[in-house]
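Undergrad: Okay, here's what each chain looks like letter by letter:
Number of protein chains: 2
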Amino acid sequence: MKPNFSLRLRVFNLNCWDIPYVSKHRADRIERLGDFLNTENFDLALLEEVWSEQDFQYLRQKLAVIYPAAHYFKSGIIGSGLCVFSKHPIQEICQHIYTLNGYPYMIHHGDWFCGKAVGLLVLHLSGVVLNAYVTHLHAEYNRQKDIYLTHRVAQAWELAQFIHHTSKKADVVLLCGDLNMHPGDLGCCLLKEYTGLHDAYLKTQDFNGPEEGYTMIKQNCYVSQQDLGPFPFGIRIDYVLYKAVSGFYISCKTLKTTTGHHPHNDTPLSDHEALMATLCVRHGPPEQDPSPPHGPAETSSLIRVLREAWMELGLGIARARWWTAFASYVTGLGLLFLVLLCVLATGEGAREVAILLWSPSVGLVLGAGAVSLFHMQEAKSLGRVQAELQHVLGKAKEAQDCTQSLS
Amino acid sequence: MKPNFSLRLRVFNLNCWDIPYVSKHRADRIERLGDFLNTENFDLALLEEVWSEQDFQYLRQKLAVIYPAAHYFKSGIIGSGLCVFSKHPIQEICQHIYTLNGYPYMIHHGDWFCGKAVGLLVLHLSGVVLNAYVTHLHAEYNRQKDIYLTHRVAQAWELAQFIHHTSKKADVVLLCGDLNMHPGDLGCCLLKEYTGLHDAYLKTQDFNGPEEGYTMIKQNCYVSQQDLGPFPFGIRIDYVLYKAVSGFYISCKTLKTTTGHHPHNDTPLSDHEALMATLCVRHGPPEQDPSPPHGPAETSSLIRVLREAWMELGLGIARARWWTAFASYVTGLGLLFLVLLCVLATGEGAREVAILLWSPSVGLVLGAGAVSLFHMQEAKSLGRVQAELQHVLGKAKEAQDCTQSLS
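Chains A and B, in that order, are what the protein sequence lines are.
Count the first sequence with the UniProt record's numbering and you get residues 1 to 407, in order.
Count the second sequence with the UniProt record's numbering and you get residues 1 to 407, in order.
There's no promise every hint is true.
[As the list claims (entries may be wrong)] No more than 30 Å apart at the CA atoms, straight line, and that leaves these computed lysine-lysine pairs for BS3-like:
| id | chain 1 | residue 1 | chain 2 | residue 2 |
| --- | --- | --- | --- | --- |
| 1 | A | K87 | B | K24 |
| 2 | A | K87 | B | K169 |
| 3 | B | K169 | B | K24 |
| 4 | B | K218 | B | K87 |
| 5 | A | K397 | A | K168 |
| 6 | B | K169 | A | K203 |
| 7 | A | K168 | B | K256 |
| 8 | B | K168 | A | K395 |
Derived by calculation from the structure, the hints in this document are not laboratory data.
Here chain A stands alone, though its shape is the one from the complex:
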C-alpha cells in the first residue's frame, strides 16, 4: 500500500418502508429505488425494512450489473428486513439476532415477529479490511411511555458487543441503520461510547439535508404528525457511524440526506430519508488520530453511561419479574377455577355455565402460563446484559483508577 494511499467510499442507507399490504406505493418506490441506486453507483447500499423477499430478489436482479454482490439477512418469522447491495465482492457474512425484541402478544406492533438483527459484511477494498454492519432496532411507539426502552438499550448493548468482538482485525468499521433512537438517547450513547464510533452527521465537513440532520421529517408525505410525536419538525433516528482502527484514519467528506422528496422528482422513496455519505480512508498512524478511543475523559463518560444503562436494565428486570409473578398467579388461579368448573359440571345446577366457562378458562391458563415463561426468559436475558455491563464497568473503573494513580 502506498504511503499516500486514500480510499473513497460512497455509502447509501435507507429504511425502505417496504411492508407488504401496509406501505403505500410499494412497488413504485422499490422500482425507483433500484433506478436511483443504479444511477448513483454507490460502493455499498444498506437497506432496512425490506420485508418482502420478492422485492429483494427484484432489486437483486435490477442491480446485478452495478452491484454484483447482494445479501438478504433472514431472521424471525417475517425476516429482519435487512439487506445489502455491494459493488465489491463480499468476503464474509455473519449476523446476530437480538435476544430481546419486544413482546409476542403485542401483535399490533409486530416487531417481535421480525427477528430484528444486525448483519455483518466483511469487504477487502484495496487492502483495507472493512467491516460493514447494518441494523434496525425496536421501534419507539410512545416516547412518553416507552415500554420498549429497556429492550432497545439491551439491543444497543448487544449491537455494541457484536461490533466490538467481530471487528478486532478490521481496519475500518461502518455501521448504518435505523437505530430508532435520538442522538442523545441512552442506547445511542452506550453504543457510541463503547465502540468509539463517530456520527457522520456530527463529523462531516459538508452536510446537505434537513435541519438537525433529521431523517423523518414533516415534509415527507408518508410521515404523519403522530409518527413524529412531540417533535413536530422531525427526528434523527437513522445513522451512518464509522471509525478507523489500526493505523488508518477515516473522515466523512460529505453527508447528504434527502429532504422529503425523491432526489430526482417529487415523491419520496420511503417515509424515512435516505443518507448518502462519502467517506475517505487514508493512512494515519495512531498518534495522528485526533480522537483516541478511550482516554481519561472518554473512560469517565463511558462509566457514566454504563451506570445509567445498568440502572435501566435493573428497572427492566424488576418489571419482568413482576410480570412473571403476576402471570404465574393468574395461571394458578386459573387452574383452581378449572377444578371448580369440573366440580360444577358434575352437578346439575350450573352445568351449562361451567361448560361455557371452561373454554375461556383453559385459554386463560395457557395464555398466562406462556406470558409467565416469556417474562422469565426476558428477566434472564436482561440479567445477562446487566452482568456483562457490570463486568465492563468494573474494567473501566480499574482503568480509571490506574490512570489516576499514574497521574
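Assemble chain B onto chain A, guided by the hints.
TA: Only chain B this time, still in chain A's reference frame:
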C-alpha cells in the same frame, strides 16, 4: 516476550449433570467438584449443565480464593447451564445464543427451554490473548431417528461462525464443551474444518483415560445402557479443541479423562467424564506450524463437508416447510370447524356436544397456529444458515480454482 517463552495452561471441562429435582446426589457431587477444583488448581474450569444458579453461587464462594474470576452465562428460560471459573482475571465476556435449539412442544426433552449457547471469555496471560469458549449443543436422544440433527448442524455452524468472527485477534483459541456429537459427525467435522481447531484427544502426546477417549462410559454408575444407545462401551461427545493463530504454536502435553469414578474415590462427579488437559503455548512462526489451516487438501475437505451440511440443511428446510404447511391446514380446518360448532350451538339438536367440542377446537386452532409460526421461523433460520454456507462454499471453490490455476 522472551524468544524461549512458553505458557502452560491447565484446563478442566465437565458436563456436571446438575439438574434440580432430576439428577442423583446433586449436592454431594457439586460439593466434591468444588473440593476437587480447589485441590487441582487449574487455570480454567469450564462447566456445562450447571442448571441451578444457586449451585453456581455455592461453587463461586467455595472457589473464590483459587479461582477469583467466575461467570455464569444466563440464557433462555432455565439458563444455558454454562459457567466458568478462572484463576486469571477475565478481560472480556460475550455470549451467543443459538437461533435453533429444538422444539418448544417437545417439553419432555427440555432443550428448547434452556437457551443453549456459547460463552466467550477473553484472557490475557503473559501477553498471550486467549479466547476461551464453552458450549453445550442440543442433545441426541435417538441416533437412529435423530429429529434434532439439522438443528445441531446449524448450531455447529453458528458456533464455528462465532469463533471465526470473534477470535481474529486472539493468539490462542480454546473450545471446551459437550458438543453432543461423535468425532466423525457432520456438525463436528464442519466445526473443525471451518475453524481449524485441533482435537486434544487426537493430538495429545500423553492420553490417560477410557479407550477411544470416551466421555460417557458404561462403567459410570449414572449412565444407563439407554444413554449409550448402539455404543455399549461408550461414546465421545465432550471435547477440548484448540488452535494457535498468529506466530504461536500450541500443543497438548497431556489429556486425562476420568474413568467412571471420582479421581479421589469411587463415586463419579457426573454422568459424563471430566476432561483435564495440559496445553503448552510457545512462539512458533507460521512456517513452523505443522498444520497450515487451509492448504489445498484442507480446502477440498472443507468443500466436501460444507456441501454435506448444505444438503442436510436443505432437508431440514423441506421438513420445516412441510410442518408449516401442515399446521396451517390444521389451523384453517380448525377455524372452519369452529364456525360449524357456532352454527350447531345456535340450534337445539347438538347444542351440548357443540359447546363441549368448542374448547378443544379453540386449543387446536391456537396450538396449530403457534406450531405453524414456529416452523416458519425454523425454515427462515435454516435458510439463513444455508445462505451463509453457500457463500463460504463459493469462496472456498474460488480459492481452490485459484490454487489449481497457479499449480
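Undergrad: Evaluate each hint against the coordinates.
TA: Now for the hints, and whether the structure bears them out:
no., hint, verdict
1, A:K87 / B:K24, "violated, 60 Å"
2, A:K87 / B:K169, "holds, 28 Å"
3, B:K169 / B:K24, "violated, 43 Å"
4, B:K218 / B:K87, "violated, 33 Å"
5, A:K397 / A:K168, "holds, 22 Å"
6, B:K169 / A:K203, "holds, 29 Å"
7, A:K168 / B:K256, "violated, 34 Å"
8, B:K168 / A:K395, "holds, 22 Å"
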